[in-house]
Amino acid sequence: MPLPPGKRRKGGSVGSDTTKLQLQRTQAKRRKVDGKAADATRKQQNRHVFAGFAQRIKNINATITNNYEYLDNTIPDETNLRTSYLLQECRRWRLENKTADFDAALRELLPLVRTMPHILHHLGKICSIFDKHLRKEKSLALEPLLGMLPVLARDTRGELMPYFVDTIFGTLVWLLETRLDDPDAMEWIFQSMG
Numbered sequence: 004m005p006l007p008p009g010k011r012r013k014g015g016s017v018g019s020d021t022t023k024l025q026l027q028r029t030q031a032k033r034r035k036v037d038g039k040a041a042d043a044t045r046k047q048q049n050r051h052v053f054a055g056f057a058q059r060i061k062n063i064n065a066t067i068t069n070n071y072e073y074l075d076n077t078i079p080d081e082t083n084l085r086t087s088y089l090l091q092e093c094r095r096w097r098l099e100n101k102t103a104d105f106d107a108a109l110r111e112l113l114p115l116v117r118t119m120p121h122i123l124h125h126l127g128k129i130c131s132i133f134d135k136h137l138r139k140e141k142s143l144a145l146e147p148l149l150g151m152l153p154v155l156a157r158d159t160r161g162e163l164m165p166y167f168v169d170t171i172f173g174t175l176v177w178l179l180e181t182r183l184d185d186p187d188a189m190e191w192i193f194q195s196m197g
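Just so we're aligned: 8 in the numbering used here is position 5 of the sequence shown, and the numbers increase by one with no gaps anywhere.
It cannot be assumed that every hint is accurate.
Quick list of in silico lysine-lysine cross-link-like pairs, DSS-like style, CA-CA up to 30 Å [claimed, not checked]:
1. 141 with 61
2. 139 with 128
3. 101 with 139
4. 101 with 128
5. 139 with 61
6. 128 with 141
7. 101 with 135
8. 101 with 141
Read the hints as simulated data drawn from the structure, not as lab findings.
Whenever a hint applies, use it, and build me the whole structure from the sequences.
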């Protein structure tokens with residue numbers, strides 16, 4: 004309600020009220036600008052950015068890397084035959100993946116992968132174990148098992164080819180067909196093929 008001429012409000016003149024209002028508006032604008040700047044820096048600091056399914060598929064890294072440091076060109080001796088890279092990989096994944104699915108696969112694999120002669124002798128059984136556990140529906144052991152396939156190939160080199168063609172390749176193709184909605188699984192499959 005407007006005041007009659009000559010009357011004042013408590014707390015100051017009419018001019019001081021408009022100045023306070025202008026000051027409040029200016030401060031509000033500054034807060035908005037500062038808020039946008041703060042949001043921009045907060046967005047830059049966030050490490051996780053939501054990506055839709057199409058974006059995740061687009062970002063699949065399917066490059067093939069060959070780790071030559073594992074290929075030992077020395078003459079095999081007794082120390083090289085005592086262990087295998089597959090056994091080391093099993094131990095590494097045992098610490099990282101504590102799921103029941105992976106534990107079941109590991110219980111079957113560990114007695115067969117103790118040494119290189121064991122691996123070469125039981126290669127058919129090892130491949131069938133991989134096949135069986137990779138074909139499990141909704142298995143939580145998919146990432147470690149797919150990660151161990153290249154290590155198995157590294158240990159056995161050319162000896163794996165007949166088993167790869169007969170069992171493992173078919174399983175990988177089946178996984179690709181059934182896991183089309185899971186970009187992480189697709190990436191693991193492509194990396195294991197590399």
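How the hints compare with the structure:
Of the supplied pair hints, the one linking residue 141 and residue 61 holds, its CA atoms being roughly 23 Å apart against a limit of 30 Å. For the proposed pair residue 139 and residue 128, the alpha carbon gap of about 17 Å is at most 30 Å, so the pair holds. With a C-alpha separation of about 17 Å, the suggested pairing of residue 101 with residue 139 holds against the 30 Å cut-off. Simply put, residue 101 and residue 128 have alpha-carbon atoms about 23 Å apart, close enough for the 30 Å limit, and the pair holds.
A C-alpha spacing of about 27 Å is found between residue 139 and residue 61, which places the hinted pair at or below 30 Å, so the restraint holds. This hinted pair checks out: residue 128 and residue 141 have alpha carbons roughly 23 Å apart, not beyond 30 Å. This hinted pair checks out: residue 101 and residue 135 have alpha carbons roughly 19 Å apart, not beyond 30 Å. Between residue 101 and residue 141 the CA atoms are separated by roughly 16 Å; this keeps the pair inside 30 Å, and the hint holds.
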